[in-house]
Structure formats: structure tokens, C-alpha cells
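Build the full structure now, drawing on both the sequences and the hints.
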Amino acid sequence: MKRTYALLTVACAGWLLLATTTHSTRNQYGLITGTPEIKSINALTFGPDGVLFIGDGKSATVFAIDTKDASAIDKAAQVDIKNIDEKIAALLGTEAKNITIQDIAVNPTSKKVYCAIQHSDGTPVLLKIEGDKITPVSLKEVAFSTLALTNAPAEDAKDRRGESLRIASISDMGYADGKLLISGLSNQEFGSTFRSIPFPFTKTQDQASLEIYHAAHAKYETMAPIKTFTTTEIKGKKYLLASYTCTPLVLFPLDELKAGSHVKGRTVAEMGSGNSPLDIVTLKKGNDSFLIMANSNRPVFKVRHKNLEAYQGALTTPVEENFATAGVDFVSLPLTNVIQLDKLDDSRMILLQRRSNGSLDLWTSNDRYL
Amino acid sequence: MIGIYNNRYQVVIRLYALYSLIFFIASLLIECHSAKEKEITIRWQNRRAIGISIPKGFIDTIDADSLEKQLSVRLTNQKTAIAGQYQLGDGTVIFEPLIPFTRGLRYVVWLNDKRLGEVSIPALDSNDRPALLGIYPSQDSLPENLLKIYLHFSRPMRERQSQKYVTLLKNNNDTLSGVFLDLQPELWNPDRTILTLWLDPGRIKRDLQPNKRLGAPLQTHNRYKLVVTASWPDEQGATLEKDVTKSFVAIQRDSLSPNPKKWTLLEPKSGSLQSLDVSFSESLDYSLLTETLSVIREDGANVPGRWQSGEEEKLIRFKPNNVWQSGRYKLRIESRLEDLAGNNVNRLFDRDITRKDQRATSESFTELLFKVR
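Protein sequence lines, in the order shown, are assigned to chains A and B.
Residue numbers for the first sequence follow the numbering used here, so the first one is 1 and each next one is one higher.
Residue numbers for the second sequence follow the numbering used here, so the first one is 371 and each next one is one higher.
Mixed in with the good hints there might be a few duds.
[Unchecked claim] Distance windows between CB atoms, simulated:
#1 A:Ser-332 to B:Leu-738: 19 to 29 Å
#2 A:Lys-75 to B:Asn-592: 56 to 66 Å
#3 A:Lys-133 to B:Ser-511: 49 to 59 Å
#4 A:Ile-73 to B:Glu-466: 32 to 42 Å
#5 B:Gly-461 to A:Lys-75: 44 to 54 Å
#6 A:Ala-72 to B:Gly-461: 47 to 57 Å
#7 B:Ser-511 to A:Thr-202: 45 to 55 Å
#8 B:Gly-461 to A:Asp-361: 38 to 48 Å
#9 A:Asp-329 to B:Leu-635: 31 to 41 Å
#10 A:Asp-132 to B:Gly-461: 34 to 44 Å
#11 B:Ser-547 to A:Asp-361: 22 to 32 Å
#12 A:Lys-133 to B:Leu-458: 20 to 30 Å
#13 A:Gly-178 to B:Gln-589: 41 to 51 Å
[Claimed, not checked] With a straight-line cut-off of 30 Å between C-alpha atoms, the simulated DSS-like cross-links for lysine-lysine are:
#14 B:Lys-616 to A:Lys-133
#15 A:Lys-179 to A:Lys-140
#16 A:Lys-111 to B:Lys-540
#17 B:Lys-582 to B:Lys-540
#18 B:Lys-426 to A:Lys-140
#19 B:Lys-426 to A:Lys-39
#20 A:Lys-97 to B:Lys-684
#21 B:Lys-689 to A:Lys-140
#22 A:Lys-111 to A:Lys-87
I should point out that these hints are in silico values taken from the structure, not numbers from a laboratory.
Only a predicted model underlies this, so the values are computations on that prediction, with no experimental measurement involved.
Glycine is no exception: its CB is placed at the ideal position from the N, C-alpha and C atoms.
Below is the structure:
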């Protein structure tokens, strides 16, 4: 009898816990159940409690989706899939040439890998990777919320400051300190459409759209789009470390990024010509932190965080070096043709790499690269 | 008598044979017809094979709940079941994959280990091809700090292909590398018919490393040829009919913002549907031109109509939907309108902040007045 009572109590407690968890999740982040109309997936990033942000450039909208994948694990499993494009193509019933892997993101809680695919006709597909198992993630009847990245100028648009560009594509997204950071690209104007949006999304849009400039040698100033970015801490202060489409790596203090402000960053490095930055992550080994950066036309770069902290100048004179880079010291890792990377845990990352034999592999790095 | 009887007997036999033949042919026809009904058929939407219908007769023995477990659709050479959704329809089971079936490929339907049938998705007709409608700017003399090139296709194209299919030749000889910014994802308009290509801004912007080391992508007085290769596939895999080229010569750097005060307006007549012609002294950005201008009546209302650029984007025509009423009008120009070098009405693309004459302004728009008489 006692056992029955005990069981009943446990069951009730479990049910209550489950009920309150679901309830609080919906309340906490304001998500409602339905089928989001996602037209494209340019970028993925995770927020709190398994909330996945999907950047849809085609409809200039960001979606926050509850993946219900929020159980924490101690040690992340390795991911190692050879010819991942062919495996995904078979799962989707087509050939590898007809699909592209748009972005990969690791759920920081469950350590599962999420992957955005685009079919040649533009249809987006979201996949989840666990070990060597690839499964589609249904986006029907999920808890979600949306935020349109509006283009409209302010009502009293006498001043163009703070007015944003028309977005054609989302180049990167990140989540830090309760805010979703988005860099968008316009297909008409070469400018920055960087935004900082508090999450949960609110009805009244509080989109800090920023004009971010960088200056070449304190003389020529341009407003340019950010290709990829990360947030980092230098001497207790939070910074946005952004890499531009025209190659400079620029630091901005996060607290200066306010809507309508004209922010000028400090260029800490240039990454060489003909190169476009793809992804930046921060990894740790012991007490040392490293920035790891994948590039379109260069090997993966590594920069010791201490060097970044120590480098207090802005890049003022071009430095002639082998790799045509300047500013903070970079080390080129023996990793070429890395198309995507994301942080798996403190010391490991997952990489999507085109190997020299032509195979496109998703694999997990160990800390020997640090 | 016997002869008559024999004759009649023979006729009856012949009639029987004829009836049997008719019955046989009819049954055959019915059989063929029902065989057709038993085929797996393709479901189309906008010329895309979005699903297949499997007749229920194939799978009578399984219940609706276990469709997904027992049925699978695979590529002929693959063991992986294609991800998608099974639904019970009227007399059929419908399977819709996450992405449409690919033209030219064959798919097999399996019930556990039993092969139920095969469907082949027909390839596109060889004449069914996309076309490159235009390359912009359409002028054949372009400033050496040209920032953008637009490719306008007749139908949605496959993305991430420009690095493979677009090349720039210098003086009809050298293929230039690293001229265009390798941007992934590429910048397409929402229906993926217009692609924006940026000439590497790191090389255009003065004093940046790429500019110092490699110089600007284009140099004054040189001749260039942009080649778009025919093998560029559209979203369904059909390719362009032939290579498309555009030849141009690079002229001196454009270091001036567009100045609406220097534009000329050809005023339309009252009561007419004449166009309002706006001429600039230079070519302006193809894509921004049709989006950044508006005509406003004295009372502040927008005049509905259509914009069309022409004459190498040195002119734009506004055709009103309704006849012009006499009165004063404003042509509003959004400041984000750019010239070919990315200089907009407010600021230069690459501004020397030490020069006072290159200060950026911050108005959202400027206006030109005109009258309709």
C-alpha cells in the first residue's frame, strides 16, 4: 500500500513538474504553437533552453523555435560523418549537387548538432545529427515566435541614422546576454544591418539597428556589412568581434552599440585579400582562450585571446607579412577548406570540411589544434 | 436440309467466336484500364514533382497508423528511406517528400522488403531553358570603382553558382581571379531571378590591405569582358542556352555623389498619360532606381504609377496609372539611391574623413518640384 502511495506521489510530482515546465517555457519566452512560415534558412543559433533561432533572409524574419531538446548532458559525443552531403541527399531523395548546407549549430545544452539545408529550388530543411544518425526536424505544430526585421524608416525620418537596409540575407546570428544579435546583408546597398534584439521578442519592436563603421588608417571611413561575428570579453568588458566582408577584424564595445548611434570600431587585424571570413568561435585550453576563424580562401586561423587583449592599438600602418595579414598575430592551422564550424564544448569544435579527396565531412576536433 | 442446318451451325459458331473475341478484347481493355489505376502516379505542382500517389490496393493489409513504418520510398540506388509525410487519400496513399522529387531520377516504393513499384520523374524538355535577360549596368563605359553588377534571369536560378559560372576577362586575354566577393549565401532577390555581384570592396576601398596589395579590381583604360557560362543551372537543373557576355571599358573613378539638383525633368501635360521623364547626367544603380523614387501630389498623396529605367540607366520614366491633373508635384528621391560606384545621395562609398568637402549628410530624401500644366 505504502508503495502504491509512494508511486502515486512520484507520478503526481512528475506530472506537476512536467506541466509547470511546459507552462513556464511558453510563458517565459512567449512562444505559441503553430506552423511557422519559414521561406529560407540562412543562419542558425541557439538561445536558452533549447530555443533555436532561425534567420530567414528571404522573408527578412527571425523565428525562435522550441526544439524541446533541452536535456543537458555532461560529455558531448563525437560527431564523425563522412560524405555528409551524399547521406543528406539520399535522405532527401536527391543528389548531393542539388543541396547546400547553409549553417550548422550545436545545441549548447544537449550538444546535438542542427543543420540547415537548402534544396536547389530554395526549399529549406532543418536536420538534427546525433552520432551518425541524421533525422529531419519537423517545423509543423511547434512552439515558436517570430520577429520581422522591418525596413521601414522611423516615422520622423529626418535623420537616416538608425534606419535599416532592406535585408536580402542574414549572414550571421549570435545570442548573448538575453539579446539576439543579427547581421544582415542587403542586395542593393553595401552597408551594415547589424541589430541587437532582446529575447523574448516583444510586440513593440526594440531593434537596435546600428550604423557600424570601420576606418582604414584613420582616414577612409566606410559603412560595410559584417560577415560573421562573436562576442568576447576583454579585461572584464564585453565586446563584439566582427569580421567584415572586406576583411578587417574589428572590435566594438557592446555597451556602445545602441540604436541610432554611429559606432566606429577598432580594426585589430586584416585577414588578407580575396578572403571572406566564414565563422568565428572561442575555445579554451587550460587558462588560455583562443579565437578560431574559418575563411573562404585561407586556412583556419587561430588567435590567442591574450594577444587580442594586449593589442591596444588600432591598425594604422599596413604590415607586410607572408599571409598578407596585419595587426594581431594569427596562426594558420593545418585545416583548409573548412566551410562551417561551431563550438561543441569548451575545447572542441565541429567542422564541416571539404577534404582533399573531395569528400565533405562533418567531424569533431580535439584540443590538439589549440 | 442438312446443308442448311450445317450452314446455320457454322454461322452460330462464327458468331460465338466473334462474341468471344469481342469479350476478350473488352476484358483486355478493362484490365488495361484497371492496371493503369493501379499505377503509382506523380503529383505535380508548379512543374515540380511534389509527391506520389500509391493505390490503396497495393497496401490493403496495413493500417493507417503503421504506414510510415512499413512503407518507404527510396532512390533506385539507395537504401535510405526518403524523409517525408504519408497521408491517406481517396483510394490512395500519398507520399510527399520534404523536397520535391528530382527530375531525371528514379524512385522505388517498398512495403517492408517487397518492391511495390517504380516511378521515374521525367527530365525537362531540352528547349525548356532559362535565359539571362540582362546584365546591369548596361553602359559599356564603367568607372574603375564600379561596385555592383546585377544579373537578371528569366526564372529562378540555382544559388551558390556565381563563382563557378561568372568570369571577368581583361583585354580579352587574362582571366581575373578574386574580382568578385565570394559571398555565401549569395545575394538574390526573393524570387531568385536577380543576383547582385559585388566587386571585391576590400580592393575598392582605399588603404585597406587588399587594395594596397592587389589594387582595384578594374583599372582605367582597360577593356573587360564579363562572361556568364551557359552551364549555369536553374532551380530544376535546366541550363542557359548559350554563354552571355558583356564587354566594357573602365573609365576614371567616380568620386561624386549623385546630385538630384543637376537632373532634368520633362514635365507631362495635364489630362494626358504621358510619362514623367527624369534624366540624370550619369548612370545610376539599376536595382535602386526603381525603388527609391516617388511622385507626390501637392496634398501629400502618392501618385500611383510605374517606374522604368532606360538609356543605360541614365533616365527613368514614370508612367502614371491615371491621367495627370494640373498642379504642383514633388519628385521624392530617397537618399539611399546610388551611382555605379556605391556613392549615395548623402555620402561617398569611400569617404576621406580628413576632407571637409566630403562630409556626409543625413537627410532621408531630397525633393524636386515640377508642374503639370
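To see whether the hints hold, each was checked on the structure:
no. : hint                               : in the structure
1   : A:Ser-332 to B:Leu-738: 19 to 29 Å : violated (54 Å)
2   : A:Lys-75 to B:Asn-592: 56 to 66 Å  : holds (59 Å)
3   : A:Lys-133 to B:Ser-511: 49 to 59 Å : holds (58 Å)
4   : A:Ile-73 to B:Glu-466: 32 to 42 Å  : holds (34 Å)
5   : B:Gly-461 to A:Lys-75: 44 to 54 Å  : holds (52 Å)
6   : A:Ala-72 to B:Gly-461: 47 to 57 Å  : holds (49 Å)
7   : B:Ser-511 to A:Thr-202: 45 to 55 Å : holds (51 Å)
8   : B:Gly-461 to A:Asp-361: 38 to 48 Å : holds (45 Å)
9   : A:Asp-329 to B:Leu-635: 31 to 41 Å : violated (57 Å)
10  : A:Asp-132 to B:Gly-461: 34 to 44 Å : holds (39 Å)
11  : B:Ser-547 to A:Asp-361: 22 to 32 Å : holds (27 Å)
12  : A:Lys-133 to B:Leu-458: 20 to 30 Å : holds (28 Å)
13  : A:Gly-178 to B:Gln-589: 41 to 51 Å : holds (50 Å)
14  : B:Lys-616 to A:Lys-133             : violated (48 Å)
15  : A:Lys-179 to A:Lys-140             : holds (26 Å)
16  : A:Lys-111 to B:Lys-540             : violated (50 Å)
17  : B:Lys-582 to B:Lys-540             : holds (20 Å)
18  : B:Lys-426 to A:Lys-140             : holds (26 Å)
19  : B:Lys-426 to A:Lys-39              : violated (33 Å)
20  : A:Lys-97 to B:Lys-684              : violated (41 Å)
21  : B:Lys-689 to A:Lys-140             : violated (44 Å)
22  : A:Lys-111 to A:Lys-87              : holds (21 Å)
Hints 1, 9, 14, 16, 19, 20 and 21 from the list above are not met by this structure, while the remaining hints are.
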